[in-house]
Amino acid sequence: MNLLYFAWIRVKMGVSGEQIDPPKNIKDIKGLIDWIKQRNQISNETFSDISNIRIAVNQEYVDIDHPVLAGDEIAFFPPVTGG
Amino acid sequence: MNLLYFAWIRVKMGVSGEQIDPPKNIKDIKGLIDWIKQRNQISNETFSDISNIRIAVNQEYVDIDHPVLAGDEIAFFPPVTGG
Amino acid sequence: MIRVQSADFDVGLELKKLTEGNRQIGAVTSFVGLVRDIAGKDSISAMVLEHYPGMTEKQLADIEYEAHKRWDLNSSLIIHRYGRLEPGDNIVLVACASSHRENAFDACHFLIDWLKTRAPFWKLEETPEGGRWVEAKTKDDLASARWEK
Amino acid sequence: MIRVQSADFDVGLELKKLTEGNRQIGAVTSFVGLVRDIAGKDSISAMVLEHYPGMTEKQLADIEYEAHKRWDLNSSLIIHRYGRLEPGDNIVLVACASSHRENAFDACHFLIDWLKTRAPFWKLEETPEGGRWVEAKTKDDLASARWEK
Chain D
24 MNLLYFAWIR
34 VKMGVSGEQI
44 DPPKNIKDIK
54 GLIDWIKQRN
64 QISNETFSDI
74 SNIRIAVNQE
84 YVDIDHPVLA
94 GDEIAFFPPV
104 TGG
Chain A
24 MNLLYFAWIR
34 VKMGVSGEQI
44 DPPKNIKDIK
54 GLIDWIKQRN
64 QISNETFSDI
74 SNIRIAVNQE
84 YVDIDHPVLA
94 GDEIAFFPPV
104 TGG
Chain Y
83 MIRVQSADFD
93 VGLELKKLTE
103 GNRQIGAVTS
113 FVGLVRDIAG
123 KDSISAMVLE
133 HYPGMTEKQL
143 ADIEYEAHKR
153 WDLNSSLIIH
163 RYGRLEPGDN
173 IVLVACASSH
183 RENAFDACHF
193 LIDWLKTRAP
203 FWKLEETPEG
213 GRWVEAKTKD
223 DLASARWEK
Chain S
83 MIRVQSADFD
93 VGLELKKLTE
103 GNRQIGAVTS
113 FVGLVRDIAG
123 KDSISAMVLE
133 HYPGMTEKQL
143 ADIEYEAHKR
153 WDLNSSLIIH
163 RYGRLEPGDN
173 IVLVACASSH
183 RENAFDACHF
193 LIDWLKTRAP
203 FWKLEETPEG
213 GRWVEAKTKD
223 DLASARWEK
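Taken in order, these protein sequences are the chains called D, A, Y and S. Here the first sequence is numbered in the working numbering, starting from 24 and rising by one per residue. Here the second sequence is numbered in the working numbering, starting from 24 and rising by one per residue. Here the third sequence is numbered in the working numbering, starting from 83 and rising by one per residue. Here the fourth sequence is numbered in the working numbering, starting from 83 and rising by one per residue.
Note that these hints are calculated values from the structure, not bench results. This structure is a prediction, so every number in the text was calculated from the model and none was measured. Treat the hints with care, since some could be wrong.
What the hints assert, rightly or not - One side only, chain D facing chain S, incomplete, derived with CB under 8 Å:
#1 I49
#2 Q82
#3 G94
#4 F100
#5 P102
Cβ atoms here follow ideal geometry from the backbone N, Cα and C, with glycine treated the same way.
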């Protein structure tokens, strides 16, 4: 599973992405975020308020209950501010 | 008084304008049009249906009851189609 | 700014000049009207745009002034051509520059809608059956009336 | 057409290409977004636009496709820049070409409104106090929501 971070989430996490291999019981974004958070304090802080975080799976916007699969590209970023 | 004609009104009248000196009892556009019409058949035909004619006095749109004065520039033209 | 001319205009250059030196401008909206080669069912080989010199400039300036009263604009531009034009040729450019896009969009839309029903231009289309004066469209009157208040 | 690039673009040239060879086009509406030198009360010396390569193109293509479903357009264009930009620099160009102006206006407005809330770009402003991430605006959400159906 390929995680990508953008904007302040990237800055806070200190990396623009990471390859992860979460436990098999992680079935959706919500479970994935809980697993990411428990790894270390920085992750825990970054994902403490997910109301400010948007999620894309394979480059499409998804909700927190969207399923995750091995091989997915999963991106976390703030509300967009282009244009 | 300086009359100007545009588009099909110009074509129908055969001139783009004329200097006129109407009788002193002509006080408004309505009276002026009646006076123009009685001069000859072409004028009479051109102004037979004034619902298709717009009027400007000194380059501002006016209604049929607008007063006319010596020295005015009075234009007759169809609804505009620019842009 | 208002310009009434027979010569063509360079859209890119005009838009550049509209924003030059003003770093407060965040949005530029523009409309370009072009001559089409078909009107209804008839093919059009050219179009002659007649106008009323003097009144045209006056009406365009009034319309532009009204836009600046209604919206917070940094700058605006109306260029309208007259004379003989062929399909693909530019007819009109309307552009508005503002800090924010809603102002720029609304003002630009307003300018072209009002111009269509107020600026004294008339189009004579050259069709296979000869010259034909374009008639004013009810939908243009309605589009313009939207902005009345 | 969609382009995501760090290089600047030439608005006049892009609009010309949009209509080239198509004599059915009577209306071209465009929006250009520019970097401003002030945001709220703070002066901005530059802005860094970050994006999500791949997803950006995908989202822009989806938005453009939606516009063509909703309006009768001859052609359209979205160019969005990324990287470091200074006040006065172009950020984005959206343009729509159609036979009639209402389609061109509505589609262009739709494109920029939806782009603002869907295309994965983020702005980092350089202020006298250091870098600051631009926050998403409620009014952009509202402008975008107008077009939901």
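Does D/P102 hold up as a contact with chain S if the rule is Cβ-Cβ below 8 Å? Holds, about 3 Å.
So, D/F100 near chain S? Judge it on the closest CB pair being under 8 Å. 6 Å, holds
Taking the closest Cβ pair, is D/I49 under 8 Å from chain S? 22 Å, violated
So, as I understand it, the hint says D/Q82 touches chain S; can you test that by seeing if any CB pair is closer than 8 Å? 4 Å, holds
Hold the hint about D/G94 up to the distance rule: shortest CB distance to chain S must be less than 8 Å. Not OK, violated: D/G94 not within 8 Å of chain S, min 15 Å.
Violated hints for the displayed structure, listed by number in ascending order: 1, 3.
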